Amino acid sequence: MDTYILQAFNGLSVSSIFMLAALGLAITFGLMKVINMAHGEFIMIGAYAAYLVQKIFANYLPAGLFDVYFIFAIPAAFLLAGAMGYLLERTVIRHLYGRPLDSILATWGVSLVLQQLARSIFGAPNVDVRAPGFLSGSLVLAGLSFPYKRLFILLLVTACFAAVYGLLYRSRYGRKIRAVMQNRAMAASLGLNTRRIDAYTFAFGSGMAGIAGAALSLLGSIGPTLGTNYIVDTFMVVVLGGVGTLAGTIAGGFIIGMGNTSFEFLTDASLGKVIVFTLVILFLQWRPTGLFSVKSRALDED
Amino acid sequence: MKKRRLSSNVLAFCLVVAALCAAPLFLSDFRVNLLGKFISFAILAVGIDLIWGYTGILSLGHGVFFGLGAYAMGMYLKLEASGGKLPDFMSWSGLTHLPAIWAPFAHPAALIFVVLLPAGLAFLLGWLTFKNRIRGVYFSILSQALSIIFVVLFIGQQAYTGGTNGITGFTTIFGAPLILDETRLALYYAAIALLVLVYGYCRFLVTHRIGRILVAIRDGENRVRFSGYNPTGYKIFVYVSSAAIAGIAGAVFVPQVGIISPAEMGIVPSIEMVIWVAIGGRGTLIGAILGAILVNALKSGISESFPEVWSYFIGIAFIVFVLFMPMGLVGEVKKWAPRLYARLHRSAGASGEDKSEVASRPLA
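Residue numbers (numbering that gives the first Met the number 0), protein chains in the order written: chain A, 0 to 301; chain B, 0 to 363.
Rather than coming from a laboratory, the hints here were simulated on the basis of the structure.
These numbers were taken from a predicted model, which means no experiment stands behind them.
Hints are not guaranteed to be accurate.
Claimed, not checked - SDA-like mimics (lysine to any residue), calculated; alpha carbons at most 25 Å apart, straight line:
id: 1; chain 1: A; residue 1: K175; chain 2: A; residue 2: A82
id: 2; chain 1: B; residue 1: K334; chain 2: A; residue 2: L281
id: 3; chain 1: B; residue 1: K130; chain 2: B; residue 2: R224
id: 4; chain 1: B; residue 1: K298; chain 2: A; residue 2: L78
id: 5; chain 1: B; residue 1: K298; chain 2: A; residue 2: I120
id: 6; chain 1: B; residue 1: K298; chain 2: B; residue 2: M324
id: 7; chain 1: A; residue 1: K32; chain 2: A; residue 2: L281
id: 8; chain 1: A; residue 1: K32; chain 2: B; residue 2: N131
id: 9; chain 1: A; residue 1: K32; chain 2: A; residue 2: L78
id: 10; chain 1: B; residue 1: K36; chain 2: B; residue 2: G83
id: 11; chain 1: B; residue 1: K36; chain 2: B; residue 2: L184
id: 12; chain 1: B; residue 1: K298; chain 2: B; residue 2: A80
id: 13; chain 1: B; residue 1: K334; chain 2: A; residue 2: H94
id: 14; chain 1: A; residue 1: K32; chain 2: B; residue 2: R217
id: 15; chain 1: A; residue 1: K32; chain 2: B; residue 2: I133
id: 16; chain 1: A; residue 1: K32; chain 2: B; residue 2: S92
id: 17; chain 1: A; residue 1: K32; chain 2: B; residue 2: P230
id: 18; chain 1: A; residue 1: K32; chain 2: B; residue 2: V15
id: 19; chain 1: B; residue 1: K130; chain 2: A; residue 2: A82
id: 20; chain 1: B; residue 1: K298; chain 2: A; residue 2: L218
id: 21; chain 1: A; residue 1: K32; chain 2: B; residue 2: F323
id: 22; chain 1: B; residue 1: K130; chain 2: A; residue 2: W285
id: 23; chain 1: A; residue 1: K32; chain 2: B; residue 2: K130
id: 24; chain 1: B; residue 1: K298; chain 2: A; residue 2: L116
id: 25; chain 1: A; residue 1: K32; chain 2: B; residue 2: K36
Start from the sequences and build out the full structure, keeping to the hints where you can.
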């Protein structure tokens with residue numbers, strides 16, 4: 000029984016990272032019909048941002064302050080990944096609106112360049128980010144120990160989703176995003192600057208991936224190909240959950256993350272992913288638009 | 000006008016084939032062997048062009064079909080090399096007798112699986128997804144998941160597939176030692192012959208009515224449906240054809256390179272295959288062939304001496320070609336050649352008549 004609870008807890012924490020990473024992808028795909036294969040690289044950028052902040056704290060600030068570094072690492076990851084996302088949108092993505100298939104190829108090129116850039120700057124071997132002292136150890140509850148790191152990540156993801164919910168459904172800006180998502184032409188003719196909304200939203204989604212990267216840096220060493228390991232899972236979360244809905248992303252992330260960990264636990268590690276992906280492929284035959292989809296009577300444009 | 004362009008494509012192909020046939024006269028054995036590998040990639044690229052360039056379906060899992068063809072060939076070669084004994088990697092993994100899935104591959108007739116395995120898998124997946132109208136990026140993402148599934152499966156089932164190392168250690172093909180120059184040359188020409196065959200098949204498809212329907216599906220699937228055609232059958236057909244071609248390419252690849260491993264099936268090689276076609280020129284079969292040979296020649300040239308430069312180079316090529324030259328090199332030539340021709344014509348003062356320009360095909 001205890002192992003099952005711990006497995007479920009692990010699954011939950013893996014899920015939460017998938018959710019965070021998939022969030023940006025789901026929003027930008029729903030908004031712009033652009034698939035960003037370089038999204039995983041923003042996870043990588045966020046992780047390296049955490050690494051850099053740690054380096055700065057270790058080298059230039061008194062040792063007593065070291066533990067606080069992670070508090071700064073999260074906004075740093077968000078800002079760095081977000082800024083890179085903004086740059087990418089302005090230079091590459093904006094040429095790709097309405098060309099989803101081409102956007103896959105072009106952004107894949109971007110991801111190759113970013114990976115090589117990371118390799119050139121930080122070197123090919125993985126680097127370690129030391130978790131701050133207050134996150135080491137675990138919470139012991141009824142004889143079960145829950146690592147603080149993973150609890151912290153759960154908390155972080157919950158906070159991020161609350162922020163995104165507020166932004167999307169409780170702010171003027173969110174209303175604009177949803178308007179553009181539902182009907183771009185109509186939103187534009189009502190005076191919304193859709194291109195600016197696209198750029199900011201893309202940057203925001205990239206920033207969220209950056210936070211996911213910072214969270215990942217707590218769990219293991221990071222390297223230039225960190226994003227690649229997550230990108231396909233993240234896409235599966237998006238297609239399973241459905242495009243452009245918060246609930247879909249949460250559900251998709253939960254199912255993929257839990258599925259991965261529990262099948263890995265029940266069968267052997269390599270088969271877990273095979274089973275999950277096969278099930279998702281089969282599920283999509285039944286519901287091609289995913290679990291939650293924005294209903295539309297429009298004939299989907301080719 | 001149309002007739003002239005048709006023949007110019009075939010003419011270009013004939014020139015390429017002639018150049019490939021003549022290559023062993025000028026190049027070292029090592030380079031010829033390398034070129035033979037590129038020809039197998041060219042075969043693969045023609046199949047990808049058929050499904051992506053003409054039909055507008057972006058499959059990011061073609062590495063799997065290439066791999067299945069290659070593994071089928073590799074299994075046959077491995078059993079031939081083992082000479083009735085258990086292949087070495089199986090005994091390392093603790094197997095005591097040949098697994099049932101390997102048994103048929105002892106016979107050369109099993110090489111039919113080179114085509115049947117990929118085609119069967121493509122039929123299954125295509126039948127499911129296309130019938131349920133999963134398309135566009137959704138299909139691309141699913142095909143990518145397919146690629147992950149197979150790589151994980153092939154790495155995990157080490158006793159049956161050789162794991163990460165794949166299958167290697169071949170000695171003979173149909174009794175001829177692979178190490179002999181004559182055998183290698185024969186394999187090289189066999190590769191060219193298969194390229195001609197595959198090109199002929201695809202050329203036949205795209206110049207006939209079915210080719211027009213494929214292009215119509217690419218440019219407006221709903222309109223095709225409203226015109227009374229059912230795109231599903233055509234899409235399954237083109238997916239199966241393309242997968243079978245990829246399988247053939249894999250079978251051509253293995254004896255020349257001497258190894259097949261899951262690394263050739265993954266997401267990264269799968270998407271690189273698409274970029275060969277994008278650089279060469281989608282929607283023109285000759286563009287796919289040229290793109291595959293050119294990119295791989297550059298790759299072996301650059302990455303031999305500067306591996307890190309290659310990543311930047313191919314990454315930037317992805318971006319530049321997709322953004323600014325979506326019709327690839329052949330598209331650029333088609334765009335500029337008539338203008339150049341017209342200018343030369345005009346400056347020669349031969350005639351003042353306005354040459355009607357060949358408009359490049361609009362982007363899907």
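Hint check against the structure, violated hint numbers in rising order = Violated hints: 2, 4, 10, 12, 16, 18, 19, 20 and 25; rest satisfied.
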